[in-house]
Structures are given as C-alpha cells and as structure tokens.
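Undergrad: So the chains spell out like this:
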Amino acid sequence: MKPPVLAAELIDDRPSVSMRALCRLCRVDAAWVSELVEEGVLQPSGEGPLNWRFDAHALRRARLARRLQRDFELNVTALALVVDLIEEVQRLRRVAGRW
Amino acid sequence: MAKKDYYEILGVPRDASQEDIKRAYRRLARKYHPDVSKEPDAEARFKEIGEAYEVLKDPEKRAAYDRFGQAGAEDFQAPPGWGGGFRTGADFSELFEEIFGGFAGRERGRTAGARSGFAWRGADHYARLDIDLEDAYRGGNKLVTIRVPVLRDGRPTTETRTLQVNIPRGILEGQQIRLAGQGAPGVGGGPPGDLYLEVAFKPHPLYTVQGRDVHLKLPVAPWEAALGAKVRVPTPDGPVELTIPPNSASGRKLRLRGKGIPARPPGDLYVELQVVLPPADDPRARTFYERMARELNFNPRAALGV
Numbered sequence: 000m001k002p003p004v005l006a007a008e009l010i011d012d013r014p015s016v017s018m019r020a021l022c023r024l025c026r027v028d029a030a031w032v033s034e035l036v037e038e039g040v041l042q043p044s045g046e047g048p049l050n051w052r053f054d055a056h057a058l059r060r061a062r063l064a065r066r067l068q069r070d071f072e073l074n075v076t077a078l079a080l081v082v083d084l085i086e087e088v089q090r091l092r093r094v095a096g097r098w
Numbered sequence: 000m001a002k003k004d005y006y007e008i009l010g011v012p013r014d015a016s017q018e019d020i021k022r023a024y025r026r027l028a029r030k031y032h033p034d035v036s037k038e039p040d041a042e043a044r045f046k047e048i049g050e051a052y053e054v055l056k057d058p059e060k061r062a063a064y065d066r067f068g069q070a071g072a073e074d075f076q077a078p079p080g081w082g083g084g085f086r087t088g089a090d091f092s093e094l095f096e097e098i099f100g101g102f103a104g105r106e107r108g109r110t111a112g113a114r115s116g117f118a119w120r121g122a123d124h125y126a127r128l129d130i131d132l133e134d135a136y137r138g139g140n141k142l143v144t145i146r147v148p149v150l151r152d153g154r155p156t157t158e159t160r161t162l163q164v165n166i167p168r169g170i171l172e173g174q175q176i177r178l179a180g181q182g183a184p185g186v187g188g189g190p191p192g193d194l195y196l197e198v199a200f201k202p203h204p205l206y207t208v209q210g211r212d213v214h215l216k217l218p219v220a221p222w223e224a225a226l227g228a229k230v231r232v233p234t235p236d237g238p239v240e241l242t243i244p245p246n247s248a249s250g251r252k253l254r255l256r257g258k259g260i261p262a263r264p265p266g267d268l269y270v271e272l273q274v275v276l277p278p279a280d281d282p283r284a285r286t287f288y289e290r291m292a293r294e295l296n297f298n299p300r301a302a303l304g305v
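Residue numbers (numbering that gives the first Met the number 0), protein chains in the order written: chain A, 0 to 98; chain B, 0 to 305.
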C-alpha cells in the first residue's frame, strides 16, 4: 500500500525560512546566527533578526558552518573563509566533472 | 563486527604521545571530513577516525583499550561531563540530538494537550533526496525512502521510512522540500518537528546540470557539421529538432532556450557538438578519406606554425 502523499513546501531562492526555523533546523541559537550574518556568511533579507528570512542556499551554508565549527573548532572569521572556499571547491569539482 | 585497531586507524604507534595522537587525528579529520574530502568512503572513514580518537585522546579510556581491546573501551564508564565539542565516533550522542534536538533548538510547545508543564517540539530531521533529472522536468509524486533516527526501548537507533512526496516541477539541485510535521515526534504532547529534504540529482548518462541549465554532448557526422543539418536531439522532456549551422566545428555550443529545467525562469539546454569520424575500416571508406586528403587543401595544424 502506498503511503499518503505529503504536502510539500518548496524552499528555493526566495527567502522563506524564519530565524526561528533556521535555529531549530541547525540546532543553534539566535546569537550564533547573528554572528554569521554579521560576518557575511549568511545574507538574510528583511530588517532586523525578527524579520530575517533565509533561502535554501543560506540553509545549506548554515548547516555546513555548524558542522565545520563542531568538527574543527573554528572561530567565526575562519568559518566564513572555509565555507566560501568549500563552496568554490564544490563548484570547480562540478565543472571539472562536466567537461 | 570486525575488531578495529584504533592505533592503526590513526596511523600512530602504540606508544604514541597524546600530542602525536591529537596531531594525527586533526590531520586525518581534515582529510576525511565529508564536507571537504572527495574520497568515496570519506563519511565512513571520518566516523572511524572520530571513534578511534574519542578513545585514544582520553588517557583512562586509552589504558582500558590497551588492556582489554575495544570491549574494554566500550565498557568504560565516562565521567559526567566527559566529551568535548567534537563529533563523537559513537553515534549515540548525535542520534540522541537528532531525536530530541539540541538544547538551543529546544522550545516549549504551546500545545493545549500537554499535561505536565513541559512539552517539547520534536526535532527537525534533514535528509538528502536523490532524484532523476527527469523528475525535475515533470514533477509529481515519488516514493522516497529515508533513514531516520528513532528511539526504540529507550535506545536511539535508525529505521527506514517510506514517504510519498510531491516533487515540485522545476525543482533545482540544492533546493529543499519541507514536510511539516514529518520530523521527530514531540515530547509531552509537543508538536512533531519538520522533515527537510535537500534535493540532489543522480548522475545522468547524457546530461549534466548546472543550476537551471542542462548540458549535453551531441555527436555529429563531419558532413553534418560542415554542411549544416537538421538533427534530432534528446532532451529530458523528449526529443526535439535542432538546426546545426554550416561550418560548425567540434566544441561549438548551441543553446536551446528554455529547454533546461522548467524553473521560474526556465533554464536553457546547451548542446556541445562533437564531430565523430566514420571509421576507415573498409576499402570504400578508405577510398573516401584518400580522396579528401588529395583534394582538400587542409592543414589542421596551421595555427601551430607547422
């Protein structure tokens, strides 16, 4: 028997994820997210933490940042650099795999 | 389970100093971190390394392991508060967190049915969803099997769950699908968490994907490239006719506007021509090539100055 079809909400490049949902999903607190925003790792739309909204890319970056911080004990400045570099490596690997 | 030698895993001698063990761990953790490494078994190796380090970094656990092997280290009772910020090799704490959420993510539910004063919303779960490129073109319902952490007899473990998910048409790699209420169950009458599925495309034999654009390498005959032609081209949406302009060369890219992933706005399909030579393996073909060699004044290496 097939399970029932679940209602799905798409998280794409439109900023739809609230601060609260981001914290819950990444298991972090609002202060940590604010630090990442301050450092430019995450770029929410909306004015002030209460109105911040994040897109799918921000969600991926936040989860990556959290894993890296947990496993390498990085400070936020190093974290910002590493997240950017990892994304660049991933992009280059995709290009290299394509041609 | 095969007996693991933690020293071997970290590549250190049995009399290594605590400093050496830490250095070896850090080096291997960087090499095999699943977010960084391109080794195919990175995830498993990283776990193994973490497990070995968890035991060897602690002099008491290490002594127990030296004396009794793996069983000794497992029976060792960790003092309260033991365990740092690093990921533990034993999945226990991570699974526990998956089920109950971290403290930071914990919030009181406001559900009316909560009897005690405490009600926790269940943790959100996150899983990767590998779909075919064609699914992104068509959208529609898809059966999805994921592994989720659960609590069984008070112990965290994982089980597989099958869900039927409506894949939105035009979905792109890296986007996520949120399924409300499909995460971990709440505690004390709290609401369940959500399930997030991050979309990735399975490798396709014909197409590669970059964002919303799709790329295809198209073999063409020399005369099709030279004289121009109308050829049939596959797309994830079904075959289309493509006009190859005369005097095309290998590597030329043609764009089929709007034939990429039907997102908003839709992507393009890029077709890269690859001229394929007919084999010269019978006398007629050989005669043809010999005639071209005689009659065409063509030096493919003219630009190289030779």
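These are calculated hints, taken from the structure and not from any lab test.
Where a beta carbon is used, it is the ideal one built from N, C-alpha and C, also for glycine.
Among the hints, erroneous ones may be present.
Below, computed lysine to aspartate or glutamate pairings styled on EDC-like, alpha-carbon distance capped at 16 Å [as the list claims (entries may be wrong)]:
#1 B:K141 x A:E37
#2 B:K30 x B:E47
#3 B:K37 x A:E86
Take a look, some chain B residues computed to stay more than 10 Å from chain A by CB distance [what the hints assert, rightly or not]:
#4 R22
#5 K56
#6 R120
#7 A122
#8 D123
#9 I145
#10 L162
#11 E197
#12 G227
#13 P244
#14 N246
#15 L253
#16 R290
#17 F297
Undergrad: Each of the hints needs a verdict: does it hold here or not?
TA: Consistency of the hints with the structure:
1. B:K141 x A:E37: violated (40 Å)
2. B:K30 x B:E47: Since the Cα atoms of K30 of chain B and E47 of chain B sit roughly 13 Å apart, the hinted pair holds (cutoff 16 Å).
3. B:K37 x A:E86: holds (13 Å)
4. R22: Nearest chain A Cβ is 14 Å from R22 of chain B, so the label holds.
5. K56: holds (14 Å)
6. R120: violated (8 Å)
7. A122: Since the minimum Cβ distance to chain A is about 8 Å, A122 of chain B lies within 10 Å and the statement is violated.
8. D123: violated (5 Å)
9. I145: I145 of chain B is indeed farther than 10 Å from all Cβ atoms of chain A, at 12 Å.
10. L162: violated (6 Å)
11. E197: violated (7 Å)
12. G227: Fine: 25 Å to the nearest Cβ keeps G227 of chain B off the interface.
13. P244: About 22 Å separates P244 of chain B from the closest Cβ of chain A, which puts it past 10 Å; holds.
14. N246: holds (23 Å)
15. L253: Given that every Cβ of chain A is farther than 10 Å from that of L253 of chain B, nearest at about 16 Å, it holds.
16. R290: Answer for R290 of chain B: holds, closest chain A Cβ roughly 34 Å.
17. F297: Given that every Cβ of chain A is farther than 10 Å from that of F297 of chain B, nearest at about 27 Å, it holds.
In summary, the numbered hints that this structure violates are 1, 6, 7, 8, 10, 11.
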